[in-house]
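Colleague: What follows is each chain in one-letter form.
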Amino acid sequence: MTSAMVLGDRETSIRSSRIVDYLWRCLMKSKVARYLLIAIVSLLAAFVGTLIAGAVSPWSPTSAPPPPTPGPPPVSVSDTAPRGNPVTNRGEAIRRALFLDSKWTVREQPLTEERITANPDMVIVEPYATRQEAADAYWGDGFGDPEIASEPVWVVIIKGKASVRAVGGLGAQEFVEADAVTYVISQKTGLLLQVSTGIPHKRSDDHRKD
Amino acid sequence: MKNKFMLSLVLVATLFILPVSIALAQGQAYAFGYKNLNLLKGVRVYLWTGTPPNGQAWTAAPVGMCKYVSCSGAEIETGWIKGTEYGLGDQLHQYMSRTLDTGGYEFVSLGTLSENTWYQVKTMWSDSAHRWEVWLFNNVPWYGWDSWQRGEVAAVGSENRDSGGWMGVWGWHPEYALTGVGWTLYNYDYLATLGGGHIIHAYDFGYGAWGP
Chain A
4 MTSAMVLGDR
14 ETSIRSSRIV
24 DYLWRCLMKS
34 KVARYLLIAI
44 VSLLAAFVGT
54 LIAGAVSPWS
64 PTSAPPPPTP
74 GPPPVSVSDT
84 APRGNPVTNR
94 GEAIRRALFL
104 DSKWTVREQP
114 LTEERITANP
124 DMVIVEPYAT
134 RQEAADAYWG
144 DGFGDPEIAS
154 EPVWVVIIKG
164 KASVRAVGGL
174 GAQEFVEADA
184 VTYVISQKTG
194 LLLQVSTGIP
204 HKRSDDHRKD
Chain B
86 MKNKFMLSLV
96 LVATLFILPV
106 SIALAQGQAY
116 AFGYKNLNLL
126 KGVRVYLWTG
136 TPPNGQAWTA
146 APVGMCKYVS
156 CSGAEIETGW
166 IKGTEYGLGD
176 QLHQYMSRTL
186 DTGGYEFVSL
196 GTLSENTWYQ
206 VKTMWSDSAH
216 RWEVWLFNNV
226 PWYGWDSWQR
236 GEVAAVGSEN
246 RDSGGWMGVW
256 GWHPEYALTG
266 VGWTLYNYDY
276 LATLGGGHII
286 HAYDFGYGAW
296 GP
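Protein chains in written order, with this note's numbering: chain A, 4 to 213; chain B, 86 to 297.
Take these hints with a grain of salt, some might be off.
[To be verified] Covered, in the sense of this in silico footprint (three residues per stretch, anywhere, with C-beta under 8 Å from a C-beta of chain A), are these stretches of chain B:
#1 227-237
#2 261-275
[Claimed, not checked] Below, simulated SDA-like cross-link-like pairs (lysine to any residue); rule was C-alpha separation at most 20 Å, straight line:
#3 B:K207 to A:P71
#4 A:K205 to A:L114
#5 B:K207 to A:P70
If you're looking for bench data, these hints aren't it; they were derived computationally from the structure. Ideal Cβ placement from N, Cα and C applies to all residues, glycine included.
So that you can see chain B by itself, here it is in the shape it has in the complex:
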């Protein structure tokens, strides 16, 4: 009798948990920290590459900016990525990804990176060269053009193609640049997580983003 009662409880509990289980098995995973800023022209941060596991579809450490606060329009980002699924060879790479002002999309792989290393990455609109630039320390591995030049939100975090997928990112000294102003240290003001992602303030200006 007692066993039957327990099994009934399990049945009811399962009916509650099942939809959560199904939700976790679909979609992507991410953890982002955001800061809204007017006339944003660039973002940069030191990223720790760590030792991302092999065999992920892809897991990434994005650093970028959006034209609008909603991030629903144009955006540009850089960071590290590692994965098997998209012809990336399961090797750590720097990447640039952007949604163009016209709605198009572009992903560019930019050379391999080392594990367990700090890299400073940056993406910004250069007023002097009149172009978008992606930096790795003092080099500019990629540049290109788009019709927007100023953004409204800076974003940092981690991402995985799959819900519940592995994420592990440390970011140190995130900075933004506004029109007519130099680089300013900041902490993110609000966050968004999905699919088992987490993000916390770490260091004195910095963040840790991980999952699941």
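Next comes chain A alone, as it looks inside the complex:
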């Protein structure tokens, strides 16, 4: 390596250092820029933290369970079913539906009890002795498991435009636009049993039209 080349390298290095030094001084002159830098560095640290947390996730593809072995299906787990708070009257059913609605939908105007009191036609609330009866009344679906079919339920229909956050969709959609949302809620536990979009029509009314 010649001395001229070494000198050239040094000059380049000094020149880049001066440029960096100049940029740095410009940046540090502004208080806002300093705070911005601190904020960006914090965000970077958080991002790196997220990556590290992901890397040490306890689940990994190397922990594959052994394939299922032939044999009878596992026993029913109905005894371990969650026990929540019973929903015993119309007001509680509406409050439960409003809670569920706040999780499932995005609305232009948030739904409140006051809004529903002021617009009673917005909501239809009906108790059914069994889930199957409710399905027979509106959708015509069926439940092959008697334990599922026999659960007493509330049907709460909330009218009005909403974007419903779809569980599922097989990767194709996250939201479904709807002009009404129906919630089927367990009377015993308050847990959600069904969500449907659109204004459901009573099947008995349809038959009468025929």
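Given the coordinates of chain A, assemble chain B onto it according to the supplied hints.
Modeller: Relative to chain A, chain B alone:
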């Protein structure tokens, strides 16, 4: 001087990474494997429930089929789901979810499941009963009707409501049924992932899907 140079580098790197960070903080997460098939009438698979963590909005193991390859129209799926956000009680449940041919949407919770257990789930159009059916082993916990009867794509995978959310699904022996043909083992042909999802072929016919 050296420190200032390093800090400048950090600044530039951050400007590149920031948009990625923001993207990860939004939307959903999934990992799906797909196979295109003509005259598809049903899909089934053994699903491992594992021990999904508490406190997720929801995390799910979907198995289903779409009317069209794009999955943009009608679809039906079943599998397990666990979550807190949607009144599911943070308990493992079997579920059915579908987009109707008319564009409506329906989600149905179908009873609790056990952790660390293999379950065979199935969804299919029954030509004899003329209805859509969801199965858990030899039981039919749900059935209903829609105007479509044949699909174009089979899908398996995992999903979480939130980008970067926890997913953990093992699926063994995925099978499809075509009109006039019995059940056929298959491996997915192509995949789609989002929000930190991964999916791999596992076992001799099977898959593992996880995230982040």
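Colleague: Does each hint hold? Answer for all of them.
Modeller: Now for the hints, and whether the structure bears them out:
1. 227-237: Since 4 is at least three, the answer is holds.
2. 261-275: violated (count 0)
3. B:K207 to A:P71: 16 Å, holds
4. A:K205 to A:L114: 25 Å, violated
5. B:K207 to A:P70: Holds. K207 (chain B) to P70 (chain A) sits at ~18 Å (cutoff 20 Å).
Hints 2, 4 from the list above are not met by this structure, while the remaining hints are.
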